[in-house]
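Respectively, the protein sequence lines represent chains V and R. Taking numbering that gives the first Met the number 0, the leading residue of the first sequence gets 0, the next gets one more, and so forth. Taking numbering that gives the first Met the number 0, the leading residue of the second sequence gets 0, the next gets one more, and so forth.
It does not matter which identical chain is meant; a pair holds if it fits inside one copy or across any two.
Calculated pairs, DSS-like style, for lysine-lysine (alpha carbon to alpha carbon, straight line, at most 27 Å):
(1) Lys-1 - Lys-76
(2) Lys-62 - Lys-153
(3) Lys-103 - Lys-153
(4) Lys-25 - Lys-62
(5) Lys-153 - Lys-76
(6) Lys-76 - Lys-25
(7) Lys-76 - Lys-103
(8) Lys-76 - Lys-62
(9) Lys-25 - Lys-1
Calculated directly from the structure, the hints in this document are not laboratory data.
There are 2 protein chains.
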Amino acid sequence: MKHAISDEALAQIFLEARTYNGWLDKPVTDEQLRQVYDVMKWGPTSANGSPGRFVFVRSPEVKERLRPALSSGNVEKTMAAPVTVIVAYDLQFYEKLPQLFPHKPAMRDLYASNAQLAEETARRNSSLQGAYLIIAARALGLDCGPMSGFDNAKLDEEFFSDGVVRSNFLCNIGYGDPASFTTRLPRFEFHDVCTLL
Amino acid sequence: MKHAISDEALAQIFLEARTYNGWLDKPVTDEQLRQVYDVMKWGPTSANGSPGRFVFVRSPEVKERLRPALSSGNVEKTMAAPVTVIVAYDLQFYEKLPQLFPHKPAMRDLYASNAQLAEETARRNSSLQGAYLIIAARALGLDCGPMSGFDNAKLDEEFFSDGVVRSNFLCNIGYGDPASFTTRLPRFEFHDVCTLL
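Just chain V, with the same shape it has in the complex (with noise of 0.2 Å):
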């Protein structure tokens, strides 16, 4: 039987994790990005489908590409950000299925034919693999900024022009600096929006 991961982890990953606004002047290596998507790919999705797609945008001319659809007050925070992940799925991800879920070729068949299926499949499964992402990251010792405050269709003009691969959400990633944010904001409480039955 499992027991319940460290104090500290759970703190890290959880009970302290903040979001953060600004950023330490610290680099995030290729190297930490591949790492934190070989913890993240082990999540689970439907079929195993992972129809998440990540572009890491690290380069000042490529954050200059994300500026645009960016709400203003997403703006300085994503330019300064190490790292800005387009969270984003791919809306003929059930194409690799024959691949991810072997024993099971109805599945493809399944997607294939239904495309509201298909999209509302790809958008909640790359919505997990988001939070995935976000976990991941900062079991790794990185902090997080996700975001939905864009203009999806400007970004998808400019990053996804195939119409294949659309953006769900971003997040910035790197070192947070600890005076970017303020007191914490409240949670519901369980009884607020928990029912056991």
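Got chain V; can you put chain R on it based on the hints?
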């Protein structure tokens, strides 16, 4: 500067965690479910909106109310699981923003005036919260079996007849039976789905 959490903890929440289809005969207590919520609630959501709503189904009577909505392959394992949580979302989550995001009252109005944005935000963020729930449960020593193979409309009619709350996905929770899975399914390599720019 934070370091990575231990290899053991990483293994428990991601690297060696598995989706379970069979369950040991060992109960999950209400206190454990409260602990899972009190960990996962700290995960980030857009404007701290926390649209996820969670129905923890334990009793055989209520499990029977789930049954008609389940895909055939999901019936047996769901009936056998100590707990099945319905991860749902509140389409009017924005009405709580004055409490959850008190420093920016305009956010409530932004969502209240745009039903499509509110629905997309509720779906995306309840998916994030569902992922936090999976990782939090694993971090506390439990195992999960998430599923999207069910009839959302049928389930919602049974559990959320007011039309304001809608199901997103289901997740069995308990102590997984290691005999209930075989070979691990493959994942994409970094270069298959990630781009460094």
